[in-house]
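S.K.: The chain contents come next:
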Amino acid sequence: MEQSFDLPDSTDWLDTPLSLLAPLESSLRCQVCKDFFDNPVITSCSHTFCSLCIRRCLSTEGKCPTCRSGDQELKLRRNWLVQEILEAFKNARDSTLTLAKREAARIAAGDKGIRDPAPKKRKVGHVEQEEEVEVAHRSSQRVRTRSQQVNVNVQEPEAEMPEVIEDSQDEEYVPDDGLVACPICDRRMKIEAVNAHLDRCTKDASPAPAPPKQSAFRSLQPQSRRPPISPAKTPDRLPSMNYSLFKEGQLRKKLRDLGIPDWGPRQLLQRRHTEWMNLWNANCDSTTPKGKKELLRELDVWERAQGGHASTSSPFVAHSTVMAKDFDAAQWSANHETDFKRLIANARKKSEAQVRSTIPGASEGSGSSARVDKPAPPASGLDNGAPIEINSRPACSK
Amino acid sequence: MASSVAQKRLFHEYKNLSTNPPEGITAGPVSEDDMFYWEALIEGPGDTPFEGGVFAAELKFPKDYPLSPPTMKFVGGGVWHPNVYPNGTVCISILHPPGDDPNHYEHASERWSPIQSVEKILISVMSMLAEPNDESPANVEAAKMWRERRSEYEQKVRDEVRKGLGL
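Heads up: the protein sequence lines correspond to chains A and B, in order.
Going by this note's numbering, the first sequence opens with residue 1, and the numbers climb by one from there.
Going by this note's numbering, the second sequence opens with residue 1, and the numbers climb by one from there.
Calculated from the structure, these hints are not laboratory results.
Nothing here was measured: the structure is a model prediction, and the numbers come from that model.
A virtual CB, placed ideally from N, CA and C, is assigned to each residue, including glycine.
Just to be clear, a hint being listed does not mean it is correct.
Derived lysine to any residue pairs resembling SDA-like cross-links, with alpha carbons at most 25 Å apart [unchecked claim]:
| no. | chain 1 | residue 1 | chain 2 | residue 2 |
| --- | --- | --- | --- | --- |
| 1 | B | K60 | A | E25 |
| 2 | B | K8 | A | N91 |
| 3 | B | K8 | A | E298 |
| 4 | A | K75 | B | Q116 |
| 5 | A | K63 | B | K120 |
| 6 | A | K293 | A | D262 |
| 7 | B | K8 | A | D262 |
| 8 | B | K120 | A | L268 |
| 9 | A | K253 | A | Y243 |
| 10 | B | K120 | A | L296 |
| 11 | B | K8 | A | R304 |
| 12 | B | K120 | A | C45 |
| 13 | B | K8 | A | I42 |
Here are the simulated distance ranges between beta carbons [claimed, not checked]:
| no. | chain 1 | residue 1 | chain 2 | residue 2 | range |
| --- | --- | --- | --- | --- | --- |
| 14 | B | D33 | A | R348 | 39 to 49 Å |
| 15 | A | R106 | B | P86 | 35 to 45 Å |
| 16 | B | G46 | A | P17 | 52 to 62 Å |
| 17 | B | R162 | A | W80 | 54 to 64 Å |
| 18 | B | E152 | A | D300 | 51 to 61 Å |
| 19 | B | T26 | A | S27 | 23 to 33 Å |
| 20 | B | E58 | A | S27 | 28 to 38 Å |
| 21 | A | N335 | B | K144 | 34 to 44 Å |
| 22 | B | S18 | A | A347 | 17 to 27 Å |
| 23 | B | P21 | A | P17 | 27 to 37 Å |
| 24 | B | E23 | A | K247 | 49 to 59 Å |
| 25 | B | P21 | A | Q72 | 31 to 41 Å |
| 26 | A | L238 | B | E119 | 34 to 44 Å |
Selected chain A positions facing chain B (Cβ under 10 Å, derived; list incomplete) [to be verified]:
| no. | residue |
| --- | --- |
| 27 | D9 |
| 28 | P65 |
| 29 | V301 |
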């Protein structure tokens, strides 16, 4: 977050000879999150947003943010062309921008003698590189853990998938990845590979196909392997719920069944379910869907971003009151967190001091047994007014 | 940890405002540690009694921004205006969520939507300074004065502006 002032933005083009690319980039960005479209979808009023952004808007308000005509998330359709254009633009962006900046620098140098903005340029490139490295690192990590998992639990392939949930009714689903399934072990592979595989598969005749082969195959074809591993296998969208029809207990059970946290007041349950539904359904729009674990992590991020576990910033509450100021409660508790911590620390210190002073008081008290007798049960000193007075004195004098 | 949608979007807006600021407007977070608390400076629009003044305001963003709008409050006082509460809070339709209409006069199309932005809010506030809306005044006294004794209103605004500049 701290370095994100280097966040790529359409304004990056403004000081270059390619400033006309700024409006192009700006139109490839979602108006809600200002980021590049992530799984662009089009509304029935023909406005395009990230799948998740528009779902969140619609579940709050039921209206298109741009033209305010009513819409339903069921009517959202994927916008493949925008996605393609965007991918192409993103691929070309870095090199084009570097060129443009170099050109801008050349022009500036020509104008004002030697004023070399190269360090800045390099810095930007460096950051981007770092990001790339990080991403690569992360994905390689994921691959590694996955292959480790494969090696560890040599069971049927399904067992390694942490994402498998309630997929019993989805057995028939065939991912559209251009691959075919082995009739014996159900692994998906290129059609040319089936015969060779069949030989091995029938020889093993066990639900566990040779794991090393497996991982080698995987690392060769990470892209085509992905769909079967991910919950693309369960592309069933979650239906929206009419919360008023559910009792709190039923709602809680519903959340539990979905595998998401089920604690908190009713309002929070509803909002959590809505967010989960949005995350889940937006993920269904993705060409490379994430696993359920990742979605759960995002849900957790959302939960924390809403101001801890406060349920006060609810859009429903916001609408029923005069102005959307209710977030103050959550913010207030966030703002004053240090104060609370300080108070708690003080209270702890005090009670510790009391305990400390009562214990030595008890041990040293042999000299003046009369005084020890008075706060006779030292442990109960906390809930007894008078002993505190006496016991806290030595602590104060310290 | 991944930053929230709100933080990222606010960073985008901040960057946009600082690289390509609209005339007469400066805005940004007070500290980059807290993207949800901004300060803005608005120049008084020309050909109005506010001309020459510079008005500081604080913007507070909810955690679910941009689904919900921020609140805006002029700090340091001195904004005598029908649509600004005596405590400085700005009452303008773009800052109201479309779900409700507390004042029963605003069109949904004027109100907050996630595609609005800090820039648009500040531009709206600038034009609000120039053209008060006295249909649902936040500051009744100022609205009355604006409606009935315009010259007195303008004089008072000018005085406040001057006071604000320390003259």
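S.K.: Checked against the structure, which of the hints given earlier come out wrong?
M.R.: Per hint list: 1, 7, 8, 10, 14, 15, 16, 22 and 23 violated.
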